[in-house]
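Undergrad: Based on the sequences and whatever the hints tell you, model everything.
For the record, the sequence lines run as chains L and C.
Under our numbering, the letters of the first sequence match residues 656 to 855, in that order.
Under our numbering, the letters of the second sequence match residues 54 to 203, in that order.
Keep in mind that a hint or two might mislead.
Calculated lysine-lysine pairs in the DSBU-like style (CA-CA distance at most 35 Å, straight line) [to be verified]:
1) 796(L) with 189(C)
2) 194(C) with 825(L)
3) 189(C) with 695(L)
4) 100(C) with 795(L)
Derived contacts from chain C toward chain L, CB cut-off under 10 Å, selection only [as the list claims (entries may be wrong)]:
5) 86
6) 93
7) 111
8) 112
Everything labelled a hint here was simulated from the structure, so no lab data went into it.
On a predicted model such as this, the values are computed, not experimentally measured, just so you know.
Beta carbons are placed, not taken as given, at the ideal position from N, Cα and C, and that holds for glycine.
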Amino acid sequence: MSEISLRIDGESVAAKEGMTVLEAARSAGISIPTLCHHEKLEPFGGCRICIVEAESRGATRLVVSCVYPVEKDLVVRTRSPKVDRIRKTLVELLLAHAPDSPELQKLAKEYGSDRDRFEKEASFCVHCGLCVRYCAEIKKKNAVGFVDRGVRKEICFIPEIAARECNACKECFPLCPTSYLQACFVLTEALAFPLASAGG
Amino acid sequence: MDKARIDQIVDRHGGEASALIQILLEIQRENHWLPAEALKRVSDRLKVPLARTQHIATFYKAFSLVPRGRHEIHVCMGTACHVRGAQRILDTVEDRIGIKAGETDSELKFSLETVNCIGCCALGPVMEIDGKTHGKISPAKTADVLNGYK
Numbered sequence: 656m657s658e659i660s661l662r663i664d665g666e667s668v669a670a671k672e673g674m675t676v677l678e679a680a681r682s683a684g685i686s687i688p689t690l691c692h693h694e695k696l697e698p699f700g701g702c703r704i705c706i707v708e709a710e711s712r713g714a715t716r717l718v719v720s721c722v723y724p725v726e727k728d729l730v731v732r733t734r735s736p737k738v739d740r741i742r743k744t745l746v747e748l749l750l751a752h753a754p755d756s757p758e759l760q761k762l763a764k765e766y767g768s769d770r771d772r773f774e775k776e777a778s779f780c781v782h783c784g785l786c787v788r789y790c791a792e793i794k795k796k797n798a799v800g801f802v803d804r805g806v807r808k809e810i811c812f813i814p815e816i817a818a819r820e821c822n823a824c825k826e827c828f829p830l831c832p833t834s835y836l837q838a839c840f841v842l843t844e845a846l847a848f849p850l851a852s853a854g855g
Numbered sequence: 054m055d056k057a058r059i060d061q062i063v064d065r066h067g068g069e070a071s072a073l074i075q076i077l078l079e080i081q082r083e084n085h086w087l088p089a090e091a092l093k094r095v096s097d098r099l100k101v102p103l104a105r106t107q108h109i110a111t112f113y114k115a116f117s118l119v120p121r122g123r124h125e126i127h128v129c130m131g132t133a134c135h136v137r138g139a140q141r142i143l144d145t146v147e148d149r150i151g152i153k154a155g156e157t158d159s160e161l162k163f164s165l166e167t168v169n170c171i172g173c174c175a176l177g178p179v180m181e182i183d184g185k186t187h188g189k190i191s192p193a194k195t196a197d198v199l200n201g202y203k
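TA: Printed below as a string of structure tokens:
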């Protein structure tokens, strides 16, 4: 594996080929905010919060750092007025769905997002996919998945698998940035297998 | 739709997971909708997680997870059809078969949908049943056409 050197926020960072910009930054102790990223999981590029400015061969572009591979002499800026503005709006859009999520509130404070900028549509799920991907990639159980698409997209437990696997695992619960996952599980449990959980 | 028929369709595609959408489309075409058992059977046979099959079956509008009628009626509500009285056609159809747009009757004979344009505006107002186009249709003719379906 060849070493690639790039600059992130003015610092010279050495990275291995195939690493993403986010991984390179984190290995150098530079923090980039994320919502849908998890080190054990494949990059997803869903939340776009980790967007950064990347400059190569004189051109500056906005790229999503968790899915953008490092390249030689790339100049990355993790904070700039443009990046901050985009993150501010992204958080505002997500806050319309999950206004009281602690993680979103933290980001909102950092980037000055207005909690009430967009009309509330409390679906609670921010489609980060952490639960779905964790269950599929790490646990290989696929007890929870996405259904539908666009504005109607939501997570959904497969009752038969959930009844068998979930009570003993629940490892996805702490991953959820909004606690909607727990609510979804309890609802599935109440509808599909109330007795199994009560020990009956 | 029985298991054997599903297996037959899966086998025709060589049991390849990459043929998932084609297999679901074939089941949809034959059965008019995708029952939970069919999704499970296809998932088992292709070794694709049910969560994934379910995601795909809910993602595409071509699939239905609720029972659909044997005949699919599409009434065009596009601009050209609209100005030529598509609403009256739709009202007649709804009246005649007793369901609203987006619904299926209890005998599973008809499913009714509105569409925004089927691309033959010169024939407006247009109604399409099972892919057959009925153009320049009037409320009276609509009733005749519907009577021709069993």
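Undergrad: Take the hints in turn and mark each one as holding or not.
TA: Hint by hint, here is what the structure shows:
no., hint, in the structure
1, 796(L) with 189(C), "violated (54 Å)"
2, 194(C) with 825(L), "violated (60 Å)"
3, 189(C) with 695(L), "violated (60 Å)"
4, 100(C) with 795(L), "holds (12 Å)"
5, 86, "violated (16 Å)"
6, 93, "holds (8 Å)"
7, 111, "holds (4 Å)"
8, 112, "holds (5 Å)"
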